[in-house]
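Asker: Listed here are the chains, written in short residue letters.
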Amino acid sequence: MAVRAETMIINMGPQHPSTHGVLRMVLELDGESVVSCRPVLGYLHTGIEKNTEYRTWQQGVTFVTRADYLSPFFNELGYCLAVERLLGIEAPPRAQVIRVLVCELNRIASHLVWLATTGLELGAISIMLYGFREREEILRIFEMVTGLRMNHAYLRVGGLSMDLPDGAVERVRSFLELMPGRIAEYEHLLTGNPIWRQRTVGIGHLAAERLLALGVTGPVLRASGVPADVRRDEPYSGYETYAFDVPTRTESDCFARYQVRVEEMRQSLRIVEQCADRLEPGPVMVEDPKVAWPAHLSTGPDGIGNSEEYVRHILGESMEALINHFKMVTQGFSVPAGEVYQPVESPRGELGYYVVSNGDFRPYRVHIRAPSFVNLQAVPNMIEGSLIADVVAAVASLDPVMGDADR
Amino acid sequence: MQAADLAARLRERFPDVLEARGEVTLVVEAAALREALEHLRTEPDLACEALSDLTVTDWPDRDPRFWVAYHLRSREHGHRLRVKVGLPPEPDPPHVPSVTDPFPTANWLEREAFDFFGVVFDGHPDLRRIEMPEDWDGHPLRKSEPLAGVATRYKGAFIPPPDQRGT
Numbered sequence: 031m032a033v034r035a036e037t038m039i040i041n042m043g044p045q046h047p048s049t050h051g052v053l054r055m056v057l058e059l060d061g062e063s064v065v066s067c068r069p070v071l072g073y074l075h076t077g078i079e080k081n082t083e084y085r086t087w088q089q090g091v092t093f094v095t096r097a098d099y100l101s102p103f104f105n106e107l108g109y110c111l112a113v114e115r116l117l118g119i120e121a122p123p124r125a126q127v128i129r130v131l132v133c134e135l136n137r138i139a140s141h142l143v144w145l146a147t148t149g150l151e152l153g154a155i156s157i158m159l160y161g162f163r164e165r166e167e168i169l170r171i172f173e174m175v176t177g178l179r180m181n182h183a184y185l186r187v188g189g190l191s192m193d194l195p196d197g198a199v200e201r202v203r204s205f206l207e208l209m210p211g212r213i214a215e216y217e218h219l220l221t222g223n224p225i226w227r228q229r230t231v232g233i234g235h236l237a238a239e240r241l242l243a244l245g246v247t248g249p250v251l252r253a254s255g256v257p258a259d260v261r262r263d264e265p266y267s268g269y270e271t272y273a274f275d276v277p278t279r280t281e282s283d284c285f286a287r288y289q290v291r292v293e294e295m296r297q298s299l300r301i302v303e304q305c306a307d308r309l310e311p312g313p314v315m316v317e318d319p320k321v322a323w324p325a326h327l328s329t330g331p332d333g334i335g336n337s338e339e340y341v342r343h344i345l346g347e348s349m350e351a352l353i354n355h356f357k358m359v360t361q362g363f364s365v366p367a368g369e370v371y372q373p374v375e376s377p378r379g380e381l382g383y384y385v386v387s388n389g390d391f392r393p394y395r396v397h398i399r400a401p402s403f404v405n406l407q408a409v410p411n412m413i414e415g416s417l418i419a420d421v422v423a424a425v426a427s428l429d430p431v432m433g434d435a436d437r
Numbered sequence: 165m166q167a168a169d170l171a172a173r174l175r176e177r178f179p180d181v182l183e184a185r186g187e188v189t190l191v192v193e194a195a196a197l198r199e200a201l202e203h204l205r206t207e208p209d210l211a212c213e214a215l216s217d218l219t220v221t222d223w224p225d226r227d228p229r230f231w232v233a234y235h236l237r238s239r240e241h242g243h244r245l246r247v248k249v250g251l252p253p254e255p256d257p258p259h260v261p262s263v264t265d266p267f268p269t270a271n272w273l274e275r276e277a278f279d280f281f282g283v284v285f286d287g288h289p290d291l292r293r294i295e296m297p298e299d300w301d302g303h304p305l306r307k308s309e310p311l312a313g314v315a316t317r318y319k320g321a322f323i324p325p326p327d328q329r330g331t
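In the order they appear, the protein sequences are chains A and B. Note that this note's numbering has the first sequence beginning at 31, numbered continuously upward. Note that this note's numbering has the second sequence beginning at 165, numbered continuously upward.
Pulled out of the complex, with its shape left as it was, chain A reads as follows (with noise of 0.2 Å):
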């Protein structure tokens, strides 16, 4: 009878390279391999959800851009939608093609970082360089047409901040014509390669039953055959009218979610190129005063201003367009009592916002519903039994942003 030696507690965390942010596991080992795993959160918590009570419904959209930093066109995108549908009101469709475009041009963004960072943790550093490389491209766009590289706060209730720059719509065609030769390069680098292959085939799994139970979203769950995406089950912003496929694997590891998320930004760039295509000229944003916001931005030598023939107009012209910029600007609109949950698919999974509001100036209540917060519950189930060095490709598969899970 063999007696069982001693078990040991080890921290993971929270300052570790390859926890992707401040995720602590406090982990039991026998040796080499984990008995049980207990994942400790909240070092990011920065009290995102209580902030937007405080602030007006437009200033809402500059906090929740904050929580998931690595895609934060979808957290605005998802509370402008759950608002606009308290309001009772739907953007432009010139907006919510741009919204679109930048989502799509995001998503791709996101599984790069995510494709990156994974890579150096695996132990390749080649795919860092090339994913941050071909990042860099996306943000210089988004830089381009929202002024920042990331919490671009560009959505807003009842549309965008303000229309495309000349020149972006060209800028995206080349980088769309640049990205599919830069996709298959990761490919040829990774799918046959032996050491990527160890390191990530069988291993993390988790049969599609046990992540359904558990909630988990996204490339993970596609990656187990489940063909869920919320832009196909419940489209918004007229994802019914793209072309895209919803790309699934049947082996729920490692290997099939890397699979699924480099066919996820194929099929981004498709929805990324029919938004350049299908881009008509019109407003932004509704025309409704009440609603709108009123500045019209516009990007100057000196970066991002107010236009200053709206300048003209509110200083020089009317007095009722300059009281109505105040009162939209530190008060802003009100919004009818009721609730509502607005579900998207952001690069992690189903981002949910459940918006409560009691037609005040302020919202009463926003709660995110964060993929990384819910699809990080599957990290025991997936790591228990398995050795520590598989701890990390096990928890990097489930591409977890720190901001979003603490928000």
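Any given hint might turn out to be false.
Claimed, not checked - Cβ pair distances, simulated, as ranges:
1) B:I323 to A:I39: 25 to 31 Å
2) B:P224 to A:L309: 46 to 52 Å
3) B:P224 to A:P257: 41 to 47 Å
4) A:V65 to B:G320: 35 to 41 Å
5) B:D227 to A:E347: 51 to 57 Å
6) B:E254 to A:D318: 42 to 48 Å
7) B:R292 to A:A238: 48 to 54 Å
8) B:E176 to A:R163: 57 to 63 Å
9) A:E120 to B:E240: 51 to 57 Å
10) B:D299 to A:D196: 53 to 59 Å
Derived from the structure by calculation, the hints contain no laboratory data. Bear in mind that the values here come from a model prediction, so they are computed numbers and not experimental data. Glycine residues also receive a C-beta, built at the ideal position from the N, C-alpha and C atoms.
Add chain B to chain A, keeping to what the hints say.
Answerer: Chain B alone, transformed into the frame defined by chain A:
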């Protein structure tokens, strides 16, 4: 099922069903919660087998004060449904049955609701704080809690509120 059909279907059994903005809300008593969820989960034409979200809203001037909202979804039929439970201001902390069985995903969501609002989920296997430090005092998302300016205590360390800090 469309929202209106779903609401009509639910009214066959539940008295308090609301339909607004294409969403169906079902209000039940805390004592009847588990039974109601089990019904919604197992009835073949409802089949709400997934719990997407669980959270609380605090209405300090009302009775019931705390509203726990469960967002269910049926993968098979594609519909969503919100179940709400109202909890009175007294006793504080309020109690509601845990739904970790049959929805394992509720585990962390209930911990979060407990952490932020102090709602106790009876029968939860491991009801501890999840986001705030474990020795934190109070439940920060209650309306009675201030947004900022509170003293911070963490494992023996003490940081006074910003206006009382030295330079």
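Asker: Against the structure shown, which of the earlier numbered hints fail to hold, in ascending order?
Answerer: Per hint list: 4, 7, 9 violated.
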